[in-house]
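Peer 1: Here is what each chain is made of, one letter per residue.
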Amino acid sequence: MMIAIHDSILMWLFGGVICLLVVLTIVGSGLKRSHNSNVSRVTIDNFNAQIAAWWKMCVVLALSLVFGRIGSLVLFAMLSFLAMREYLTLVPTRRGDHRTLFWSFFVIMPLQYCVLGFHWYVLLAIMIPILACVFIPTSIAVAGDTAHFVERAGKIQFGLMVCGYCLSHAAALLQLKIPGFAGHPARLLLYLGLVVQMNDLLQYVWGKLIGKHKIAWRVSPDKTWEGFLGGMLSATALGTLLWWATPFTPLQSAGLSFLICILGFAGGVVMSAIKRDIGIKDFGGVIERRGGILDRIDSLCFAAPIFFHVVRYYFAPWP
Amino acid sequence: MTEGIHPIASLLAALARGITGVQVLWAGCEPDERQRIYFANHTSHLDFVVLWSALPSEIRVNARPIAARDYWEETSLRRYLAESVFKAVLVERGAVPKSKSHDEGKFVGRSMIEDLAAALGEHNSLILFPEGTRGNGEKIGEFRGGLYHLGLRRPDVELVPAYLENMNRILPKGEYLPVPMLSLLTFGKPIQVEPDENKDVFLERAREAVSCLRRIGPA
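These protein sequences, in sequence, are chains A and B. Mapping to my numbering: the first sequence position 71 is 71, numbers consecutive. Mapping to my numbering: the second sequence position 211 is 211, numbers consecutive.
No lab work stands behind these hints, which were simulated from the structure alone. Fair warning: this is a prediction, and the values are worked out from it, not measured in the lab. Any given hint could turn out to be false.
In silico DSSO-like pairs for lysine-lysine, Cα to Cα no more than 30 Å straight-line [claimed, not checked]:
(1) A:K155 x B:K139
(2) A:K177 x A:K275
(3) A:K275 x A:K32
(4) B:K189 x B:K87
(5) A:K275 x A:K214
(6) B:K173 x B:K189
(7) B:K139 x A:K281
(8) A:K155 x B:K173
(9) A:K56 x A:K208
(10) A:K275 x B:K199
(11) B:K189 x A:K281
(12) A:K208 x A:K281
(13) A:K177 x A:K32
(14) A:K281 x A:K212
(15) B:K139 x B:K199
Use the sequences and the hints to build the structure in full.
Peer 2: Structure below.
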């Protein structure tokens with residue numbers, strides 16, 4: 001069953017995003033061809049890479065709309081799987097973690113999506129934070145290798161949280177049944193995605209324009225207080241203006257957008273810190289062709305679960 | 001080998017590629033149909049299948065793995081896989097170079113070289129794991145002498161080093177269920193046995209040629 005084809009507001013919104021992307025793609029390729037020395041080559045390449053990434057996100061969103069409820073679950077489960085794979089490829093683990101990792105990939109993550117599919121809300125909320133949190137250290141302990149024990153359990157747990165728990169909550173938005181908003185949950189996912197991405201973009205733009213005071217400079221040298229505040233406020237304003245497409249009032253929309261922006265920033269710096277720790281610039285850097293999913297979901301990963309739980313708590317008592 | 005690729009071999013190769021998502025980089029040479037000996041680090045049962053599947057099919061048809069007879073003849077399933085599916089060249093394990101005093105080792109080594117040279121023939125390539133056994137992935141073990149003797153005997157055959165990354169984490173020794181992490185495979189610049197080169201010096205150089213291809217983790 002298609003969620004969204006009959007939703008004209010969603011189609012307009014999505015159509016608008018596509019049009020914007022078409023314009024940006026044309027501008028990007030124009031910039032690439034012109035040898036304008038005012039803008040550096042690296043900046044243009046980054047700009048084009050970002051647009052390419054947005055296209056991919058649109059494809060994912062479009063596919064999840066077309067595939068319907070089950071299809072979108074499968075799609076996001078695959079994304080979780082690929083993200084987890086990327087994370088564990090680069091984060092060192094030990095021989096003694098092997099079986100725990102096998103369980104994480106083939107049991108815990110698929111279960112998370114099954115639970116979501118069956119709408120078992122409580123289990124969805126506690127499965128990875130509590131059940132996996134008990135299971136993983138136990139399983140590593142049983143395997144017998146105690147070297148770096150806490151570190152190893154933490155690494156695997158964090159991977160499951162980010163790639164399994166957080167990402168599954170983006171898919172969970174599509175499963176929400178909000179009274180008076182039936183049949184339009186895809187708009188929530190689009191809303192979340194748009195605000196997060198606009199926040200990223202506007203933080204970057206504001207930072208370039210008036211950025212002076214570094215924030216978390218050890219982690220991301222580009223991030224400034226001016227960029228953070230400017231980006232957050234302007235993205236919140238944009239999110240507020242989208243209230244008509246959501247079940248929220250303008251004020252609620254402003255509050256939620258603000259929340260999303262802060263969490264988007266948090267996700268971004270945390271993922272950057274992980275990359276610093278491992279010693280790479282992008283997750284896609286070493287594993288070129290198959291990498292880069294974590295780079296794309298960084299600012300989404302903290303925003304998705306909290307946005308989901310807030311919306312569910314206030315707007316959609318789970319059946 | 002004229003009869004082509006066994007269907008089970010193709011199936012296993014596809015499966016191994018799917019599990020490991022292996023990304024292949026020809027850093028030091030291009031894929032070529034000429035006769036070569038590919039030698040790589042060894043940490044997993046998947047090593048050979050992944051390396052083999054990374055070769056273009058016209059090369060793959062003539063590429064045969066070298067496997068330890070004592071291990072691969074132990075059960076009938078192993079023997080079937082080694083002999084019928086992958087057409088492995090089964091050999092006695094060569095001696096580790098340091099144990100030169102063992103006469104027995106030398107003797108076994110010589111008959112092994114005969115077998116390998118015969119397997120190379122006129123147009124086959126070989127896939128060899130000179131450590132002789134699966135390591136733990138942290139450090140490449142000492143190379144056994146077969147590569148040196150084969151290189152001396154067939155100077156026309158290129159010796160291509162390759163490094164397989166993460167395989168020990170995907171399917172380590174002693175496990176039978178794989179964890180689908182990503183793997184990288186890098187082919188390096190071909191080497192040759194230099195005239196008058198000492199065996200130990202060459203083997204150390206060969207080992208270095210493999211280990212310098214490592215891309216993730218400590219070099």
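Peer 1: So, for every hint listed, does it hold in this structure?
Peer 2: Each hint, compared with the structure:
1. A:K155 x B:K139: holds, 23 Å
2. A:K177 x A:K275: violated, 37 Å
3. A:K275 x A:K32: holds, 28 Å
4. B:K189 x B:K87: holds, 27 Å
5. A:K275 x A:K214: holds, 19 Å
6. B:K173 x B:K189: Since the Cα atoms of K173 of chain B and K189 of chain B sit roughly 28 Å apart, the hinted pair holds (cutoff 30 Å).
7. B:K139 x A:K281: Status holds; Cα separation ~26 Å.
8. A:K155 x B:K173: Holds: K155 of chain A and K173 of chain B sit about 23 Å apart, inside 30 Å.
9. A:K56 x A:K208: holds, 25 Å
10. A:K275 x B:K199: The hint is violated at about 42 Å.
11. B:K189 x A:K281: With Cα atoms ~27 Å apart, K189 of chain B and K281 of chain A stay inside 30 Å; holds.
12. A:K208 x A:K281: holds, 20 Å
13. A:K177 x A:K32: violated, 45 Å
14. A:K281 x A:K212: holds, 23 Å
15. B:K139 x B:K199: holds, 21 Å
The structure does not agree with the numbered hints 2, 10 and 13 stated previously, though it agrees with the rest.
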